[in-house]
Structure formats: structure tokens, C-alpha cells
Amino acid sequence: MPGTPGKTCKRILALILAAMTLIAVSACGKKPSSEVVIDIDSPSKTQPAAAPTTAPTEAGETPAPETPAPTDEPSPGTPPAIISRSGSYVTYEGTNVMRVDDRAYEMCVYLEDVAKQYAEIIEAVAEALSGRARVFDMIIPMSYGIMMPDDVRPKISYYIDMKECIAKTYSYMPKVNTVSVFDTLMMHRNEFIYFRTDHHWTARGAYYAYVQLMYKLGKTPNRLSDYREVSFDGFLGTMYKDSGNDQALLPAEVVYAYYPVSEGVKMTIHASNGKVFEYPIVCDVTNYNASAKYDVFAGEDNPLTVFTNPAVTDGSSCIVIKESFGNAMMAFICDHYSTVYEIDYRYYKGSIVEFAKEHNVNDVIFLNNFMMISSKSNVGKLAMIAK
Amino acid sequence: MKKLLCLFFAVLIAAGLCACAKNDEPFDAEKAYARIISEVRFEDELRDMTDYAAFVFGDAAEGAEVRMLNADDKYEDAVIMFILKDASDAGRAEEAIRAYISERKTEASRYNPEEVTKLEKAVIYTNDIYVFCVISNDASTASKILGQ
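For the protein sequence lines, the chains are A and B, in the order given.
Sequential numbering from 40 applies to the first sequence in the numbering used here.
Sequential numbering from 1069 applies to the second sequence in the numbering used here.
Some hints here could point you the wrong way.
Below, in silico cross-link-like pairs of lysine-lysine (DSS-like), each with a Cα-Cα straight-line distance of 25 Å or less [stated by the list, open to error]:
1) K1142/B x K426/A
2) K280/A x K1142/B
3) K1189/B x K280/A
4) K255/A x K202/A
5) K1142/B x K314/A
6) K207/A x K255/A
7) K1212/B x K388/A
Pulled a few chain B residues facing chain A out of the computed Cβ check, cut under 7 Å [as the list claims (entries may be wrong)]:
8) F1110
9) E1113
10) D1116
11) Y1120
12) V1124
13) R1172
14) R1178
I should point out that these hints are in silico values taken from the structure, not numbers from a laboratory.
Even glycine gets a Cβ: it sits at the ideal position worked out from N, Cα and C.
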């Protein structure tokens, strides 16, 4: 039986209401289309491509002689060969660290556009200080470029020519006195110039680079035998941790440090918290954690550290702009100036150019490691103080 | 009975529309930015790093404004906000942020290992032309503010 017109009307009304309800509820369930939630653990394009992984190998790269004769001249010639025992490498997931035998390496990338920005910053400082101070730049190779065994290099598809990358970066700073140390370190690659478990170089590696720096500065470097040496054992560095404490990297290493030749050099730290205090240039790290033994050098990383050398009375001074690699070189450099201002660009807040003018320094020396020049976040920090 | 049914549907519609009105409220990026700064716990005072952001993120998205607040020295705490010219640039902005975080993780693992976790927990949120990144141990508060 058909309903009355009133009943039909009510039914239609109820149907419309039901449809509207459904539409309203359905529309509310939608999320804004522009919202994107990022998985923060996704691999970044700035990291090296995933490397092939081989089975872990037995430890044992040819041990370097601990006391080679000191060399204070550039060493042209063929670098000593390094051949691995295993002929292969191991990578550690989620890190940019790899291992060959008992030595770990930080895999390096070269981002030319960032390195060019780095070079332009140094060039700008040289221009700003033209006629006032000389500007030097040393790009410090990583062990990946120097110590990688000759037989393993060709097996790494993404292996870069670090020497060529450094040369290319130097080509972007024609007004700067560039200091090439790649060949020098290659000539000493069979010595203990880089740690096996840590990403830094050793004081011996820093010494050989210092020699080249002094030649470029027109100064006479000291001989390694001139320095008083001290050592601390039990060092297991950053890459040991990155490896998940891979036992193949054992045994722990010895950290050697050298006191300045000059007597009475004082080091004053201007810390981030505003405190100013004297501190030993070579710190006793005997009781430090195994991972912290690199702290032996020059009071670690601080915005400003000042070295005053009463043995140099000519009033000469320089600024060294560095990250932690520079720490191992400070005990050598401070022998050659009345005052050395060491600035860690990551923590310093002022202007290098203004500082150089204010203190009338003779030389401005940039000591930066190869990884830094491709790190936009770090090059950006340098840019902030290079005004 | 039918009257009751009609009333029930009417209430449902009203409730549905009301809820919709709430969800469709446009995202107020400035308000969110201000709330993040005032409500999220950071380990150190944040300072304006807009110049630094221009260097690091300047070529990520053409014409974008990038704001950045960063803790001093050894803390990685930060607030980054991209205001893009075009929402289609959001992917590039996110990529630049991820690259930044990746670099900072490498740096932190070397010098401040305790900061690595903080970087891993970083909140990245995109809404239309706005891309946010908050690096803090208090990431959950940032997520709440951003409606995640």
C-alpha cells in the first residue's frame, strides 16, 4: 500500500538526513592531504651508498714501527705500500665506519659544492686581511685516504681520490697559502700516524703536517726528537664505539703526546661557560675513560684557547682555526709565536677578521679535516665567524 | 518514533559538522612556532641562527624563508621552520633537514654521543607550505603541538 503524502515526505526527509550524516562523518575522517610525517631513520643522501659487506676478518694489519727516524724535509718518492691481510673490508650497519683487518676507517665523501663554499670563506678572510695578515689553509686528510691498504682501495666502488679532492678545493682559494700534506703523510703511512680505533690522527701524524706548515710559514720546524714524549695506553676511540666494540679492533692503542720545546708556555682556556683558566697543554689522561684519551691534547675543544710563549720575544702571533684535529698540532705550533690564539669555529661566537685586526696577528691558519669541508652544517658554522 | 529518529539524525549531523569545523581549522604555523619555543623543554637557551639557516638551507627551496633557533655549543637542540613559496617544495626542505640531522648525528657521535638520541628523535612535520623540525629531548611535546 502506498503511504500517504505526509508519510512519504517524512521518509524522504529521514533519508536525506541519513545521507547527510554519512557524508559529514566520512568527510571528518579525512586527514589534510599536505601533512607528511617523515621517518627520521631514513638514509640521507649525504651518506655514502651502502657498501658491500664481507664476513668479519681476523685482525692484523702490518704493525707500524713506533720509532722511525724523524723527518723534517718534504719526502718526494714512492709511498710505502700497505697490503692488507684479509684483502677485504667490513662495514658496520647504520654507521659510516668500515674496517680492514684491525683498523677502522671513517668512509669519506666529497661534496664539491660545499667544499667550494668552504674555500670561498677562507678566500674571503684572506681578502679581508690582505696587507694585514697572511692566511694559510691546511685540509687534513683522513686515514681513509692515507692508510687504506692498496689492495682494498680498488674494491671500494665509491672510494674517492682524497688528494685530488683537496687539490680541487685549494683551486678555489687562489689568494690563500695552501698547505698540502697529503703526500707527506703518504710517505709516512707505514708509521703510527693515525689511530686504528679513532677517527683522529696521532701526534706523530700532526707533527709531519706541522713540518710542512712551518716550511710554508718560512719557519724552521723542530725535530721530533727535540720534544719530550709522554704516552698513555688503553685508548679505544670513536670508531671502536661505532663498530659496536668489535673485538677485531683490539688491542687498545697508545696515545703519544709531546710537550712544547720552549719552557714556560702557558695555555689559557676561555671556556663556553665564560670561565677562564690555565690548563696543561698535555693533560694526564691516565684515569680518563678508554674513549676519552684524545683529550690529552691542548685541553680539548673550546671557543678560545690562548698560548703564550715567553721564549719567543718578538711579539709574533697567529690564530689557528680548527676542530679537534688541530688539537694534536698545538703543542708544536706554540713554539714559534709569542702568542697563539686557537679558535674552535664550532663554539666561537665572534668574528675572526675582527679578532685578527684587534690583536694584530701575523698569520691566520685554518686547520680543517677532510670530512669537515663537505659538512654543510660545519662549514656554515665557519661562515658565521669568518666575517 | 519517527520524530525521535529525525531528532537523532539531526543531533548526529550537528555533532559531525561541529567536529569537522574543529578539524578543518587552518593550521596556525606562527602559533605553533611560538608554542614550541615556550612549551617544549630545551637543554639550553635557544638563540637566533637565521643567518646560519640561510647558509645551511638557503638552496633547499627557492624563495623560502627559514627560521632557526639553536642551543649554544654542545647541545643540538633546535627549532627550524621553513615557510615555502610553494608547497611542492616541501620534499626538498624535508630532505635538507634530514641531511642536516644526518651530519649533526655524525658530529655528535664523535664529540657529544649523548646528543645522538636527541637527533634520532627529531620531529619533522609538514603542513602545506610549512615544514617544521624540532630537536629536543622533549620531542613528545613538540609532536603534540604540531598535532602529530
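So, going through the hints one by one against the coordinates:
no.: 1; hint: K1142/B x K426/A; in the structure: 22 Å, holds
no.: 2; hint: K280/A x K1142/B; in the structure: 20 Å, holds
no.: 3; hint: K1189/B x K280/A; in the structure: 20 Å, holds
no.: 4; hint: K255/A x K202/A; in the structure: 18 Å, holds
no.: 5; hint: K1142/B x K314/A; in the structure: 16 Å, holds
no.: 6; hint: K207/A x K255/A; in the structure: 19 Å, holds
no.: 7; hint: K1212/B x K388/A; in the structure: 34 Å, violated
no.: 8; hint: F1110; in the structure: 16 Å, violated
no.: 9; hint: E1113; in the structure: 13 Å, violated
no.: 10; hint: D1116; in the structure: 12 Å, violated
no.: 11; hint: Y1120; in the structure: 5 Å, holds
no.: 12; hint: V1124; in the structure: 4 Å, holds
no.: 13; hint: R1172; in the structure: 6 Å, holds
no.: 14; hint: R1178; in the structure: 5 Å, holds
Figure legend: structure checked against the earlier numbered hints; hints not met, in rising order: 7, 8, 9 and 10.
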